[in-house]
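J.: Read top to bottom, the protein sequences are chains A and B.
Throughout, my numbering is defined as the position within the first sequence, counted from one, plus 84.
Throughout, my numbering is defined as the position within the second sequence, counted from one, plus 60.
To be clear, the hints were calculated from the coordinates, so they are not data collected in a lab.
Treat the hints loosely; a few may be bogus.
[To be verified] Derived coverage of chain A by chain B (criterion: at least 3 residues anywhere in the stretch with Cβ under 8 angstroms from a Cβ of chain B; other residues may be distant): (1) 132-140; (2) 158-169; (3) 236-244.
Note that CB positions come from ideal geometry on N, CA and C, so glycine has one too.
What follows is each chain in one-letter form.
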Amino acid sequence: MTLPLRIPSGIGSLLLALLLAGCQTGMRPVQGLNQQLNRLGDSQSPSLSGDWLALITSRAGSRPQVQLIDRRRNAPVPLPGLNRPDSLPISVAVDQQGERLALVRQRDDRSELVLHRRSLQASQIIPIEPAGVPQRVSLSADGRVLAVEVSRAGLWQVDLLELP
Amino acid sequence: MAIGLSGCAWVPFRRQPAAPAGLGLESRQQPALSGNGRLLASLVERGGRITVLLQERLTGRELPLRHLRNRQPHSAPSLSWNGRYLALLVQQGGRRQAVIEDRATGQQHPLWLPAGQEPQHLSLAPDGQSIALELINGGSRRLQVFSLANLLEPDRAPGLRESGGGPEQQP
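All chains, please: the whole structure from these sequences, using the hints.
T.: In structure tokens, the structure reads:
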């Protein structure tokens with residue numbers, strides 16, 4: 085008995101094309117993780133570190149939110165205390181332990197820089213000094229240094245902070 | 061003063077101004093730290109073109125990049141643990157292309173994607189063994205992760221070695 089060949093479409097075609105392209109350059113798609121990412125819908129602002137992938141997802145009809153995926157299980161982990169119904173995440177970064185997440189989010193027409201510690205389920209707003217509008221954040225994999233892009237008086241600058 | 065969390069105690073953050081990228085005030089965007097925090101990549105304007113700049117974070121000393129001239133505008137820099145690898149997006153013809161520069165060997169690795177897949181942003185894993193690409197396809201943004209284990213040697217923190225299925229601490 086022969087089974088009908090099912091021609092993939094949409095995401096299937098994308099996966100196949102990426103698989104073929106990847107094989108030509110020595111890079112290979114991480115299949116299980118990519119299937120999980122496809123299920124999460126529109127995604128942006130990736131941050132890979134150790135066993136963790138932090139990202140911002142935006143499903144149709146719901147607010148964008150930060151997700152943290154455990155790459156050993158290809159599954160998101162809960163982030164109690166981080167995503168708020170009154171804020172919009174703009175940029176996220178994670179350290180290699182999956183313990184610290186640095187986040188720029190918009191809340192009440194203001195942008196703020198936040199450091200979240202997962203073990204404490206606590207977020208701390210980091211003041212921008214001198215005042216400015218944070219946009220994009222980077223966290224060193226060791227979790228000790230944070231760099232943030234800040235707009236001040238029409239100029240983009242980079243602030244560096246050593247974290248305790 | 062800014063304050064932060066350290067265990068259960070509240071202690072101050074230490075602020076450090078980014079080292080100057082040139083003479084006077086200039087715009088600087090899209091910072092990316094190496095895994096150990098020693099190097100900082102960012103985007104500055106050079107000769108009217110957006111160009112990636114690699115510096116030591118503490119001294120501001122600029123480090124050379126061999127293959128990236130004339131491929132501006134650059135965007136989305138990302139560094140491995142020791143900064144051996146710099147991944148970023150460059151202009152290739154009319155398209156944006158992801159590339160990885162190996163600062164140890166001087167090699168450049170272009171990451172080819174199928175036509176229609178436009179990389180928008182990326183993140184290189186600190187060990188250089190995988191990369192996440194944000195791709196625009198038909199108006200939607202998707203993340204896809206690729207293994208680079210067949211392409212790049214690991215760039216790990218000192219004291220880590222390969223053993224069996226993965227890295228572990230040396231005794």
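J.: Hint by hint, which ones does the structure fall short of?
T.: 2
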